[in-house]
Structures are given as C-alpha cells and as structure tokens.
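2 protein chains.
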Amino acid sequence: MRIYQESFTKMQEIVNDYTAQTTDFEIEQRVAEIIAKVRENGDEALKTYEEKFDHVKLAEFAVPKEKMVKALAEISPELKQALLLAKKNIISYHKRELEYGFIDTDVPGITRGQKVTPLQRVGLYVPGGTAAYPSTILMSALPAKIAGVSQIVMVTPPQKEGIAAPVLAAAQLAGVDTIYQVGGAQAIAALAYGTQSIQAVNKIVGPGNIYVATAKKQVFGQVAIDMVAGPSEIGILADNSAQPAQIAADLLSQAEHDKRARAILITDELDFAQKVDQEVEKQVKLLPRREIAAASIAERSFIAVMDSIPEMFALMNSVAPEHLEVQLKDPMQYLSLIQNAGSVFLGKYASEPLGDYVAGPNHILPTGGTAKFSSPLGVYDFVKKTSFIQFSQDALAQDLAAITTLARAEGLEAHARAVESRFKN
Amino acid sequence: MRIYQESFTKMQEIVNDYTAQTTDFEIEQRVAEIIAKVRENGDEALKTYEEKFDHVKLAEFAVPKEKMVKALAEISPELKQALLLAKKNIISYHKRELEYGFIDTDVPGITRGQKVTPLQRVGLYVPGGTAAYPSTILMSALPAKIAGVSQIVMVTPPQKEGIAAPVLAAAQLAGVDTIYQVGGAQAIAALAYGTQSIQAVNKIVGPGNIYVATAKKQVFGQVAIDMVAGPSEIGILADNSAQPAQIAADLLSQAEHDKRARAILITDELDFAQKVDQEVEKQVKLLPRREIAAASIAERSFIAVMDSIPEMFALMNSVAPEHLEVQLKDPMQYLSLIQNAGSVFLGKYASEPLGDYVAGPNHILPTGGTAKFSSPLGVYDFVKKTSFIQFSQDALAQDLAAITTLARAEGLEAHARAVESRFKN
Chain V
29 MRIYQESFTK MQEIVNDYTA QTTDFEIEQR VAEIIAKVRE NGDEALKTYE EKFDHVKLAE
89 FAVPKEKMVK ALAEISPELK QALLLAKKNI ISYHKRELEY GFIDTDVPGI TRGQKVTPLQ
149 RVGLYVPGGT AAYPSTILMS ALPAKIAGVS QIVMVTPPQK EGIAAPVLAA AQLAGVDTIY
209 QVGGAQAIAA LAYGTQSIQA VNKIVGPGNI YVATAKKQVF GQVAIDMVAG PSEIGILADN
269 SAQPAQIAAD LLSQAEHDKR ARAILITDEL DFAQKVDQEV EKQVKLLPRR EIAAASIAER
329 SFIAVMDSIP EMFALMNSVA PEHLEVQLKD PMQYLSLIQN AGSVFLGKYA SEPLGDYVAG
389 PNHILPTGGT AKFSSPLGVY DFVKKTSFIQ FSQDALAQDL AAITTLARAE GLEAHARAVE
449 SRFKN
Chain B
29 MRIYQESFTK MQEIVNDYTA QTTDFEIEQR VAEIIAKVRE NGDEALKTYE EKFDHVKLAE
89 FAVPKEKMVK ALAEISPELK QALLLAKKNI ISYHKRELEY GFIDTDVPGI TRGQKVTPLQ
149 RVGLYVPGGT AAYPSTILMS ALPAKIAGVS QIVMVTPPQK EGIAAPVLAA AQLAGVDTIY
209 QVGGAQAIAA LAYGTQSIQA VNKIVGPGNI YVATAKKQVF GQVAIDMVAG PSEIGILADN
269 SAQPAQIAAD LLSQAEHDKR ARAILITDEL DFAQKVDQEV EKQVKLLPRR EIAAASIAER
329 SFIAVMDSIP EMFALMNSVA PEHLEVQLKD PMQYLSLIQN AGSVFLGKYA SEPLGDYVAG
389 PNHILPTGGT AKFSSPLGVY DFVKKTSFIQ FSQDALAQDL AAITTLARAE GLEAHARAVE
449 SRFKN
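Order-wise, the sequence lines are chains V and B. So the number in my numbering is just where the residue sits in the first sequence, counting from 1, plus 28. So the number in my numbering is just where the residue sits in the second sequence, counting from 1, plus 28.
The hints are simulated quantities; they were obtained by calculation from the structure and are not laboratory data. Note that the structure is a prediction, hence the values are computed from the model and not measured. Among the clues, some could well be false.
One copy or any two copies: either way a pair holds, since identical chains are not told apart in the list.
[Said to hold, decoys possible] Only pairs whose alpha carbons sit at most 27 angstroms apart, straight line, appear in this in silico DSSO-like list of lysine-lysine:
id	residue 1	residue 2
1	K310	K108
2	K98	K452
3	K93	K75
4	K313	K115
5	K38	K108
6	K357	K123
7	K115	K80
8	K108	K65
9	K85	K143
10	K452	K313
Kindly generate the complete structure, drawing on both the sequences and the hints.
Set out below in structure tokens:
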C-alpha cells in the first residue's frame, strides 16, 4: 500500500482529490433515452431492453409468489438461521428510528403539530449476478416495513437460470410484496413512471451500476431516491495497540468488493503502518477475489501517518468514510471527534463485516464523501412529515398586523387580504 | 375557474396530468457548461457570468457585515417587529424537530447507537428582485441554526441598487454568517465546488428559477440539496359551511405568486363551487398582481365537485398539494385522512398566509406532487446520522457462525476471514 507521511494540509489535498465527482454526458444521454422510451412504450420497451442488455426474453416480469415461499425451504438451514438472526437485530435497531410527530398546544387558541406518514409504495433495486446480496435486501426492505410502507416491490435483472434462491428467500423474509425481473436504467424508469404491469412508486432505494445510479439521479424529483451510491470504503483509525493482521484483514474485507473500493488506514506510527502493509501483502494473495482486492489496494487505498490522535480524526473527517473503524484503546471516548462517517465500529471486536450482516444498524451507507451530509438508510427514509396548524379567531387577531405587514412588504397583497377576510362581516 | 363534475377515476387522471415532470436538455446542457466553467476558473467565471446575466460588475462578492447590521436599523419598526415575531414562533416550532440519537445496551456485551451531527456548512439560495422574500430567509436559516450548523452562507443575485434592506435585515436576524452577491447556476456551482472566495458547503437549500433548480439537481451527490422546487400550490377542501369570499381569497393568495401557481378547490356541492368561482372572478380584478393571479386561475387551477368527504380527501391525496386547507366543520377529525400534503391549515382562521409568515411551521414545502415523498424543510434537513457499534469478544463469538455463513453465501471470503481473525492467537 502507498504510505504517506505528509503534513495535514497536504494530506487533506490528497483526500479531496479522491472525492471530487464528475458527470459522464454520454451515459447521461443514453440513460435519458432509455427513460423516455419506457415512458412512451411501457412494458414493450422494458422487454426490448431486457432482451438487448440481459439477453433474456420475458413473458412477464413478476416472479410468482410461490417461488419466493419455496425458496425459503430450498436454502440451507444455516443460511436461513443466519438471515433470521440478521432480521431480528435489524428490526430491534431500526425500531428505535421510528418518529411519532408532535402536537404543541402551549399557546391558548393555537394548535401546531407535525404528523409522520409512511410512504405508500417503495421500490428496491437489487443488482444482478454475484452482486445480488441477500443481506442488502433485508437492509432495505425491513426499514420500509417498520416505517409502515404499504407496498414494497423489488426489481432485479433477470437471470438465465432464474433468480437465486437466497435472494428470493431474503425478499420473502423481509416482506417484499412483489419481485419484478427487470434491471438497469429501464427498471428505474418503470419504478418512477409506471408501466402497464409495474405501478409507479414514491421512492427508489438500493445500489446499482453507473446506469442505475445515473437513472436514479434523472428521475429524482418525480420520485424520491436514497442516494447515488459509489464503491465501498473503509477508514480505520488505529495505533500500535491494534493487531496488524486484524487491521489488514478488515482493510481487505472492503477491498474485495470492487477494484474501485477504498481502504484507508490512518495511524500515528510509521512502524505500525509498515507492519499492516506487510500483512495486507501477505493476506491478499490468499483471497479468492485477490485480483479485485489487489487492484483496490494498489490504486485506491493508502496509509497515512499523522502526528497525533486528534489529527488522525480530523483527516478522517475529511475522508468521511462509509465505514469507520476506531481501533484505539477505550474507543467510545472518541465519539465526539467523529464528524463525518456512515457507520462507526468501535474497538477490536467490531470488525466491519459484523455490521454488514448481523449487528443491526444499516449497511446501506453514504459513500464517496457524502457522509458529510447523508445518513445510513433508515426508517426515516420511508416516512415524510406534514405540519399542521389550527388557530382561534382571537389568536389570528393577535398576529394580524404582523402578517399583513410582512405580506405587503413582500408585495403580496392577496396574502394580506386573505387573512383580513376573516375579520369582515 | 374550470369546474369539473367527473367520476373519481376521471378526476385522478386529470390530476396526474398536472404533475408529470419533464427534462429540458437544452437547459441541462447550458447549466452543465456553467458549472464546468466555475469549477475550472472559480471567481473569474463567477464575475464573467454576473456581468453577462445580471449586468453587474463586481469587485468582490461578500456583502460587508456592517451593511447587514445597519439594515436592521433602516427597516420600519413594524417590519422589524413582524420579523421578530416570526423568528420567535419559527424557533419554538422547529425546536421540537431536534433529534438526539439513541444508545441501546439491551444485550450484555453489545452497544449499538446512533449519533446525530449537524452539517458543517450550509448555503441558502435567495432569488433576486421582487422574489427575495425576507420571510423565506428566516424559514431556511433558522432551522439550520437550531440544528447547530456552524456556518450559514447565503447567495443572491447582485442588484444595481444593492440588496434590499429587508433582505439584509432578515439575514442578520436569522444568523446568516456571510452573504455573497452571486446568483443563478453559477452560484450553485460555487456553493457545490467552492471558488477562491466562496468555500464549498455541504448542502444547498432554497428556491430559484429553472436554471437554479437544474443546477441543484446536477450538483446533487457532490452536496446535498433540499428539493427541486416548483410553482406554489394551494388545495382547499371545503363544504358549504365555509364562506365563499374567504375561500376565494385564499385561492388567490397562492395564485398571485406565479402564472404557473395552482389553486384547487375540492368540494361536495356544485352550488358552493359556483359561489366561490364568482368570488374569485370578483376579487381577482381588485388585486395589484391581477395579471399573474388571473393567468394562474385560468390555466392551472380548477374546482372539482365530488360525491363525499372521503372522496374529496382521496382526490386531494392524489394532488399532494404544497398547502392544504381543510375548511370543514371540526377539521381536526380529518387528520387521519390526509396522506399527502406539505402543510395543513385546519379551520376557518388558519388562512394559508398565516403559515407563510408567523405561525411557526416552515413555508418551504414540497411542490408538484412531491409531498407524496417529501417533507417541509426542517431541522432534520441540517443534521445527519451516524450509527455505531461496540461488541465484546463473547458477543462477537455468538454471532460468528451467522456472519461467516452469510459472507460465504455472498462470495465474500475476506469478510469471513476478517471476523475470524478476532479468534486467532
């Protein structure tokens, strides 16, 4: 791995270079065409694109419900048990995210409140092939279910051999109502605008390739979207109280996802940095996905050696990593130093994959520096708020002068007259 | 106004026609060019665009802080008092939106939690000229302030005669740190990517014209944005217990905003519909902004006569209006029937402009049907969440089999090995 020993300012520049975004207009244009065609020709367009891109000829999109139920019996008992444990913990964690609104009657004659309402229909995008992770289905569908969403649909590219049993089983366990075999930008268009056989949803969530991400961005506004997800990342803050072999293993657990994944260690000792580097070199060779992991380590990852623990945290806040491990002694004390991170793993035993699977917090997290302003997927993503007020005539009279003054200062005479009409005849 | 007496299904089709979105590729392309130029040339590009679009030659962008302070003394005492009342009520309402995260220690050896962190820097867009509403500055800056944002900057197009005193005064009252005189897509680009004199922010909020809206959509992902705002809307549910003159006045209070604004009345009696229509015709002629209001009423507004109160609510849920007035007897009873609306005004005295100015709930609201999945601007828009976990070795041991089973089922061997490394040596 590249090991940097630079000033804080220099390191910040290096970090910022990693996060700047660009737009690919050729892809934008192709995606826009696909969306337009789906809006125009509905199911017909979906079938044409599926034949072209996924080489599958479909008679219909929906997977029969019996197949989902059957899949639960087909998977191994160990896998079923693991999915059930994950489900249990995801539910117990996410229930704490429920919001209940409020009502404020502090002032006589005035009621002010906020009502929380679940979205009606939500669409989950699940990538095809080896990237169709059963765990991700639990992570996206269960928060929607807890929020009270009435209809949860899932789209996923059709597979020649049919959709894998673990995927169907996870969808069944998570309460997905219908699975449609359609993927790519065309699936996003169908979810946003609806076709003859797929009803439009209010929000689309879940990761996908560049076409899916671009399509999500283009339909944003017509429907809500979760975020535009990029490659996975791990940031680790560790000093020499940590074991190099464990740190290396954790770095590699994200590097194996994608050649563009990022694994970053920030530490305060060059010697420790070198030990971790040696372990990474040793362990990466033994991995089934070594080609991917090695590319991520060589091209997208680095170790930075800083002067102090506060500086380590400050630099990591500039990275704003999707996953952040704090492998320092008594790690809970540092929580206040963490400004930007999707999910934090404190101490030796909170290895990142624990959070990917069974701990309970969501594993759909902000990437590419977006943890500066985005949150993990949560129950709050599947509700929206509505404010409400009720005033007595006396209460309105108290505010009358202020309202008409502001309305007229803004040149909005009809606003002033609407309120004044309550005091006529 | 157009009065419809159609079936529920037919009315739903009519409503859906009003809400479908389209993309204008010419504008997309021009905005993309502006953003690229600002990223490349920074301040230089901003100055060139301001000269071209706003015909103002700028030496520097920032408004001196003294000007903001001075403006507070320049506005009338009535306006200052009105702004102070609005500020007080906005703060007392929005404080209830504060979130505090949680910590869950139900299972021995396991700590799971969620930390709520304010965004660091936020940018407010304020349109120029007559659309620079002081009230909107309070509505966007105060929730950010309550959330704990450390730096709140505002951008607004330069004006030949300088920025109006009420705008500067509102910014000062709301705690805006710096105002930059720059508008349009170039202002959004500067906030998203930063220039020599404007530091990049984490989120951009506030309404603007089509160029501003398009630019916000294009920089989404680099920064967070609030929503892509469209023209204002009011939906009113009323029966003949309401006074036609008041209903008409409320419809016109939104119609005067914009020729593309929408005013919709849904009622259950044709006779009442006709009376409101007559009042609208009468009152619109007397308004200073009658040309705008008349266009909105003629082209974008309508009255629908339905068979029952539940049907009235069901149709209004399809509209998903920005503002919803319930002018029915004992209106609080209907709260559960409201699925989609930005802000709700219950009963005779909750005329919509009351909410625009002093009631306290936010007036930056989802438009164009986006209330199906979006919320009013709130304190929650200026914070983000980070989950965290800490596990004991025993607790991790309990979950080991489930983690490695899931990791290997998903083909992610390095994930399994990272957790297993905690039980070696």
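Determine which of the earlier numbered hints do not hold for this structure and return their numbers in increasing order.
Structure breaks hints 1, 2, 4, 5, 6, 7, 8 and 9.
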